[in-house]
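**Student:** Letter by letter, the chains look like this.
Number of protein chains: 2
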Amino acid sequence: MASLLRATATWGLFPWRGYCSRQGKLSKDFVEALKAVVGNPHVSTAAAVLQQHGHDESIHRCQPPDAVVWPQNVEQVSRLAALCYNQGVPIIPFGTGTGLEGGVCAVRYGTVRDNVLNLEVVLPGGELLHTAGQGRHFRKSAAGYNLTGLFVGSEGTLGLITAATLRLHPVPEATVAATCAFPSVQAAVDTTVNILQAAVPVARIEFLDEVMIDACNRHSNLNCTVAPTLFLEFHGSKQALAEQLQRAEEITQYNGALNFSWAKEAEERNQLWAARHNAWYAALALRPGCKGYATDVCVPISRLPEILVQTKEDLQASGLTGTMVGHVGDGNFHCVLVVDPEDAEELRRAEAFAYQLGRRALALHGTCTGEHGIGLGKRKLLQEEVGAVGIEIMRQLKATLDPRGLMNPSKVL
Amino acid sequence: MASLLRATATWGLFPWRGYCSRQGKLSKDFVEALKAVVGNPHVSTAAAVLQQHGHDESIHRCQPPDAVVWPQNVEQVSRLAALCYNQGVPIIPFGTGTGLEGGVCAVRYGTVRDNVLNLEVVLPGGELLHTAGQGRHFRKSAAGYNLTGLFVGSEGTLGLITAATLRLHPVPEATVAATCAFPSVQAAVDTTVNILQAAVPVARIEFLDEVMIDACNRHSNLNCTVAPTLFLEFHGSKQALAEQLQRAEEITQYNGALNFSWAKEAEERNQLWAARHNAWYAALALRPGCKGYATDVCVPISRLPEILVQTKEDLQASGLTGTMVGHVGDGNFHCVLVVDPEDAEELRRAEAFAYQLGRRALALHGTCTGEHGIGLGKRKLLQEEVGAVGIEIMRQLKATLDPRGLMNPSKVL
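If you're matching them up, the sequences are chains A and B in order.
Every number in the working numbering is 415 more than the matching position in the first sequence, counting from 1.
Every number in the working numbering is 415 more than the matching position in the second sequence, counting from 1.
Wrong hints could be hidden among the right ones.
Note that the list lumps identical chains together, so a pair holds whenever it fits in one copy or between two copies.
Simulated crosslink set (EDC-like; lysine to aspartate or glutamate; CA at most 20 Å straight-line) [said to hold, decoys possible]:
#1 Lys450 x Glu490
#2 Lys653 x Glu664
#3 Lys653 x Glu665
#4 Lys450 x Glu721
#5 Lys653 x Glu682
Honestly, the hints are just simulated from the structure, not real lab data.
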């Protein structure tokens with residue numbers, strides 16, 4: 416047997432950075448109380464630290480917090496939450512980065528949501544909740560309401576997630592990555608749909624437009640044909656892989672592919688995926704000093720060709736600098752717009768482009784966000800997406816679980 | 416290309432049977448108001464009809480309702496819900512049967528929860544909610560709180576589900592079913608774990624003990640060896656299937672299998688799975704006139720061997736008539752106890768066996784119910800499973816969404 420199944424592993428998110436913010440300064444007594452929980456070195460009110468925690472990779476302007484706290488364990492998180500709850504101080508969790516790249520697992524392993532079995536959550540009042548019961552990690556359950564699913568993707572607005580139990584999948588016996596360049600966006604996305612229709616069990620399938628490929632070639636020293644491209648990965652036994660590759664190649668040829676080349680060795684594969692993972696920075700490097708603005712729509716697979724082709728045309732017509740990249744196996748793709756934050760007119764154009772794209776996804780029965788979340792930027796689109804009743808139910812859930820409205824305030828709703 | 420991917424289909428649950436119940440009789444005016452919504456022929460207060468809707472396949476004794484209503488469309492469900500809400504009349508949805516056999520999809524396609532993309536729900540006050548937004552059916556989303564996951568498995572206690580959008584999977588190019596008899600329960604379950612560890616992409620894997628096999632042989636005219644047995648199904652291309660079968664057979668031989676035979680033709684396969692689906696009635700036929708009592712635990716795959724072997728020993732020691740059958744690819748299995756409902760001592764023994772099994776699953780980090788739900792029978796085990804904080808959050812969610820407590824009252828919590 417080639418591989419070992421470990422059904423689950425529990426991992427901690429510590430050390431993580433949490434920060435407390437509210438209108439106006441925190442009292443000296445309150446800062447002392449924070450220090451009493453986590454120790455002096457783990458609380459900061461220094462201007463540089465506050466500034467550093469006052470923005471993220473997005474183009475949205477955020478207020479810096481009044482204090483930054485680095486709790487060392489879940490008990491401290493719980494005591495901090497109770498302290499803030501009693502004093503009415505809002506909490507905004509701040510991670511170390513984007514973390515899980517759920518999007519890279521297309522079709523074969525499911526999305527991140529499908530692979531979270533249990534969460535440890537500190538509730539706003541400081542109580543500790545294990546969404547599936549403490550220590551549990553089973554494959555399916557009908558035991559009461561699905562609290563795990565409610566907290567996944569809640570963007571820190573219902574409580575502070577301090578640990579997650581994830582489902583692991585067996586390491587495949589063999590892995591092959593492939594790249595394939597196409598004469599058009601249409602040909603690349605038609606290939607994606609055909610591969611899924613043919614039930615070829617592709618492990619990853621990623622689309623990059625020619626602007627993105629050009630940027631990756633420069634930033635990550637690749638030597639790919641500058642054309643709309645698919646990156647694919649196949650997992651399985653050696654025999655199964657040979658068959659999968661053959662079927663995938665036949666489909667790419669049917670759609671007029673310019674080439675189809677595969678990388679069997681781990682080093683070559685890793686270089687390819689490292690380039691894909693660095694695509695954000697490759698795009699930013701197209702205009703040094705500018706900021707990235709990412710869209711995140713997801714549509715039913717059957718609507719993917721029309722939205723990708725139309726979006727490519729719109730992007731070219733907009734005059735914006737932008738690349739396209741997507742986890743197309745899920746129907747999800749991003750435009751990374753590279754925008755001068757000082758140019759108000761350009762910023763408005765980027766916002767209009769992103770809003771129009773979100774609305775187009777909604778019209779095609781899709782969602783305005785497959786992965787990134789609502790945050791501040793997509794609250795209006797969320798209302799259009801789920802409707803008045805859906806928003807009202809979400810508001811009620813938020814009010815029930817966070818009655819003082821202190822958890823990542825103003826986000827999502 | 417061998418198959419067609421249709422990303423989703425929307426199907427209605429109509430006609431379904433709903434009934435209204437409360438302590439004491441409904442007023443004549445209220446019955447007239449129900450008739451005004453759905454039409455005279457779709458409301459009944461006849462004693463025989465009430466009696467027929469006063470019990471299910473379980474051993475739990477239920478009160479018959481005061482009226483049975485057959486709404487014809489979602490607008491009528493909505494108007495009925497508003498009527499009952501205003502008058503404080505509880506509603507208990509009553510389906511046409513168990514419907515989805517989520518358990519038969521092990522490892523390969525995920526559980527039912529993973530395959531529900533959207534739900535149409537009539538809320539207690541009569542409002543219509545589309546959990547993912549009206550008409551939407553995308554593969555993944557980060558748009559607000561996951562309302563779909565909250566309603567799946569809520570057992571009618573939060574609202575009335577009137578339609579579901581499901582993810583469909585491509586029809587495989589070829590399908591093969593196999594049966595394999597083993598000298599012991601241990602050998603059969605070790606084989607299950609080994610097949611999953613080896614990442615053989617088995618589509619279904621079902622365990623039946625020798626008592627269940629004997630019952631199926633009689634009830635469904637099978638001719639299987641009377642021994643602990645696995646039913647397996649493989650999906651894929653012809654070439655991939657040959658490899659999967661070979662690997663599975665090697666693993667069964669390694670574990671001392673008595674035989675391994677496979678059925679390629681649809682008719683033979685269908686006979687096998689029909690027998691499996693009729694296992695409940697095959698078990699009941701072991702003691703005509705008696706009632707079935709099913710357990711439903713689910714544990715991490717790694718703990719499956721010890722719980723199955725121990726449960727088999729306990730079942731034999733208990734003196735109860737019972738079979739074992741399970742969707743072991745998910746870690747989920749059932750004991751079907753066949754009990755004389757007039758024999759209070761035997762009933763108590765069956766309840767004690769089921770409770771002990773539930774607690775053993777909890778001790779192994781599992782759940783007391785993988786599929787059947789909590790209902791009335793497992794409310795105590797649910798408290799042990801999710802803990803005081805989990806129960807309190809579930810109570811708050813119930814109180815928020817069903818403030819008058821009219822949706823399937825007393826179930827789950």
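**Student:** At most 20 Å between alpha carbons: which applies to Lys653 and Glu682, within, between, both or neither?
**Tutor:** within (18 Å within a copy, 32 Å between copies)
**Student:** Give the relationship of Lys653 and Glu665 under a CA distance limit of 20 Å: within one copy only, between copies only, both, or neither.
**Tutor:** both (19 Å within a copy, 17 Å between copies)
**Student:** Evaluate Lys450 and Glu721 at a C-alpha cut-off of 20 Å and name the case that applies: within, between, both or neither.
**Tutor:** Classified as neither; 55 Å inside a copy, 48 Å across copies.
**Student:** From the Cα coordinates, with 20 Å as the cut-off, is the pair Lys653 and Glu664 best called within, between, both, or neither?
**Tutor:** Both, since 16 Å and 18 Å are each at most 20 Å.
**Student:** Pop the pair Lys450 and Glu490 into one bin, within, between, both or neither, using alpha-carbon distances up to 20 Å.
**Tutor:** within (14 Å within a copy, 57 Å between copies)
Against the hints set out earlier in the document, a violation occurs for number 4 only.
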